[in-house]
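In order, the protein sequences belong to chains A and B. One point on numbering: in our numbering, the residue at position 468 of the first sequence is 468, and numbering is uninterrupted. One point on numbering: in our numbering, the residue at position 150 of the second sequence is 1150, and numbering is uninterrupted.
In case anyone wonders, no lab produced these hints; they're calculated from the structure. For clarity, every value in this text was computed on a predicted model and none was experimentally measured. Check before you lean on any hint, since a few could be wrong.
[Stated by the list, open to error] Here are some chain A residues the structure puts well away from chain B; computed CB gaps all over 12 Å:
1. Met113
2. Glu161
3. Ala420
4. Ala426
[Said to hold, decoys possible] Heads up, simulated DSS-like pairs for lysine-lysine below, C-alpha to C-alpha not over 27 Å straight-line:
5. A/Lys391 x B/Lys1018
6. A/Lys170 x B/Lys1135
7. B/Lys1089 x B/Lys1135
8. B/Lys1089 x B/Lys1133
9. B/Lys1017 x A/Lys391
[Unchecked claim] What the simulated footprint calls covered on chain A by chain B, stretch by stretch (three residues with Cβ under 8 Å from a Cβ of chain B suffice, anywhere in the stretch; the number is not a length):
10. 53-61
11. 64-73
12. 130-137
13. 176-186
14. 238-245
15. 282-289
16. 324-338
Glycine residues also receive a C-beta, built at the ideal position from the N, C-alpha and C atoms.
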Amino acid sequence: MSDSGTSFQRRSEEALRDTRLRAALRLATGRLAAGRLRAFEAMPRADTLRDRARRIRAHTLSRLDTYLARFADAAESQGAIVHWASTAADATEYVAQLARERGARSAVKSKSMVSEEVELNAVLEAAGVRVVETDLGEYVVQVSADTPSHIIVPIVHRSREDVAVLFRDKLGALDEDVADVPAITAFTRRLLRQEFLQADIGISGANFAVAETGSICLVTNEGNGRLTTTCPRLHIALVGIERVVPTLEDLGVMLQLLARSATGQKLSVYTSLITGPRRAGEPDGPEELHIVLVDNGRSSILGGELAEILACIRCGACLNICPVYQHVGGHAYASVYPGPIGSVFTPGTRGIATCPELPHASTLCGACRDACPVRIDIPRLLLQLRQDGRKAGLAPVWLRAGVALYGLAASRPWLYRASARAARFATRLAASDGWLPRLPGPLSGWTRHRDFPALAARSFVETRRARRRP
Amino acid sequence: MTVQRDRMLERIAAAIKKARLPEGTSEHAQPPSVTTARANEEDRHGAHADQRDLAEGFARELAAVGGHVYRPAAMEEVAVIVGRILRAKGATRVIAWDEEWLGWPGAYRSLGAMGIEIAHCDVGSDSQQRKPKLKSVESAAAGITGAAAALADSGTLVIASGPGRGRLASLLPPVHVAIVAPRTLYPSLPAFLAAHGDIVESCSNVVLVTGPSRTADIEMTLSLGVHGPKEVHAILLPDA
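Looking at chain A on its own, in the form it has when it is part of the complex (with noise of 0.2 Å):
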């Protein structure tokens, strides 16, 4: 590999550099994960819970197709047009059609990470619809022109007086305004508040869709899920195709798991079950409920060796937990979902050519898959990831050198037994206090960021012979 790395590399040397950053995810990692643990501390069954949401999420996924026209069928019959997108495009181009078609000037949205995953603001905005964004974090994110670096708390790397400055430089905010959190979060309120009024659409994503009823299930904690699916006449939702769940006793289930795994909390402040639109007789709520199913590459993953990836449920405890997550942040996987969850799902939806190193961003440590509500095996989706990127001839000439080396040895004892004797000599005569500060030629790589250990005088099986003698 090069010196200057991949771009992985670059952006996480970035991120690493920055002391700041490095603290708030210390502190926003730490504090979600030690809330994850307590809350299923104190949970009876936890673990029984966790294999039956295993069950539930692997079920419904190898009956995929029945729930999802299930789904339709229910959700159309209580008065809910469903849209069949296929791709990014045939979903904001529906999106952006409806808001032709209506005469509508202004979005109100609340988070989802399938609008981000298909550029829907950008395509709404050249329909020329404002689009705002209502999820605090992500209202600073669209004001700052910035990316997401968390599914959870998408400014985790923002301080507040970051927040402050921007505030008062774009949005006019006086010194009052942004002097503490509370003062920003009345600040907010007061300014998206007024969006919410005046809004012609309300865009959210969905957390679940429940095939039995037809109803989506909108999970939040701030209240901008409730106040985008109600004020403005016109709701649209974007679904991603495994979203679905089979009955509300499962729903039951994925619930009780989501919010412990994401914020340590038993239940969101809001989780919202939408049925259709407003009927007959209500007061309030949309005229028109839109339902847009996303696939996007999902269909492709599923019919492959990634398919369990497709149960997540995006609670994003694999971020908080995974070791190169709390060093490097978000920003550094240039990917819409971040961490393992991410470094799996996105060369699994757009091809491992479009980010080769993605799944090396991992140490395999397992923590993810012990962190997973649905258990999913993280290690082995990556280490299957690693291999497709060999076979299609993306490794970098010097692994792939190296692994030729390795098993010209490896198949050979006297060689290996040679090589393994020289490089113990080698190391050793090298170390200092038993480490090596530097390895030569394309091994320097290692020894960027760390020591080298010089390798023990015996091999195992020479300390094993001289122990068996008597």
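Add chain B to chain A, keeping to what the hints say.
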């Protein structure tokens, strides 16, 4: 539309045949809910728990997430409690559900006696009128609603929409007062869904409210009332 639907479903069906899913999945011809009946039994068993224990659990959990709980011994005290909450806010106008849905007999008369104006928010069917109507109730100081149920293990209020029961009352104002009728307490969300899941189909909007609106987006600092109500007051009515 149906062409797109069929095409997408066909692609998914083809993918499933090649999918590598977690072991044992294919054996689950029945939905997992059937295979885990035992766990459900435990959930349902809780439904018979003593209402008093449930009320205590609910009060403890809602307080833990920043809500306020009141347990008047007699119906007459409800007006006193509501009056105290509204006076503390200097409220003169509230958005309220229709009286029959509040579970608080004489609610409108009591509010009127306190000098509180009751705003009804019907956004109507004329799309020109919608935004002005929304704006006209935005300044209400509090929202008063009933509740379909309350969940003891999480301190959650179940608020269901319908005629006379708008969504805005528990959403727009900075203060939400919910009147919880006796015998509507359930131990947990699964227990409630098992007993009353039909509410999800019969109401277009069911929201589980667990405490006041909150955010910790900035530096993990907790802050209340960012979009929804900053205060949530639940009044548990006494048994008749």
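Problem - Within 8 Å of chain B (C-beta), three or more residues of the stretch 53-61 of chain A - result: Result for this restraint: holds, n = 6.
Problem - Coverage criterion applied to the stretch 324-338 of chain A (partner chain B; beta-carbon cut 8 Å; 3 residues) - result: The restraint on the stretch 324-338 of chain A is violated, since only 0 of its residues have a Cβ under 8 Å from chain B and three are required.
Practice task
Starting from A/Lys391, check that the Cα of B/Lys1018 is at most 27 Å away, please.
Solution key: Answer holds: A/Lys391 to B/Lys1018 is near 20 Å, not above 27 Å.
Problem - 8 Å C-beta criterion, at least three residues: is the stretch 130-137 of chain A covered by chain B - result: holds (count 4)
Handout entry: Least C-beta distance between A/Met113 and chain B, which was stated to exceed 12 Å
Key = holds, 16 Å
Problem - 27 Å Cα cutoff - pair B/Lys1017, A/Lys391 - result: Within the cut-off at roughly 23 Å; holds.
Practice task
Given that the stretch 282-289 of chain A was listed as covered by chain B, double-check it with a C-beta distance under 8 Å for 3 or more residues.
Solution key: holds (count 5)
Exercise for the section: Examine the stretch 238-245 of chain A for residues whose CB is less than 8 Å from any CB of chain B, and state whether their number is three or more. Expected result: Contact hint for the stretch 238-245 of chain A vs chain B: violated, 1 residues under 8 Å.
Handout entry: Non-interface label on A/Glu161, tested against every C-beta of chain B at 12 Å
Key = For A/Glu161, whose nearest Cβ neighbour in chain B is about 10 Å away, the distance does not exceed 12 Å, so it is violated.
Exercise for the section: Given the hint that B/Lys1089 pairs with B/Lys1133, test it: the Cα-Cα distance must not exceed 27 Å. Expected result: Status holds; Cα separation ~23 Å.
Problem - Restraint check for A/Lys170 with B/Lys1135, where alpha carbons must lie at most 27 Å apart - result: Between A/Lys170 and B/Lys1135 the Cα gap is close to 26 Å, so the pair holds against 27 Å.
Practice task
Verify the coverage statement for the stretch 64-73 of chain A against chain B, using a C-beta to C-beta distance below 8 Å and requiring 3 or more qualifying residues.
Solution key: holds (count 5)
Hints 2, 14 and 16 from the list above are not met by this structure, while the remaining hints are.
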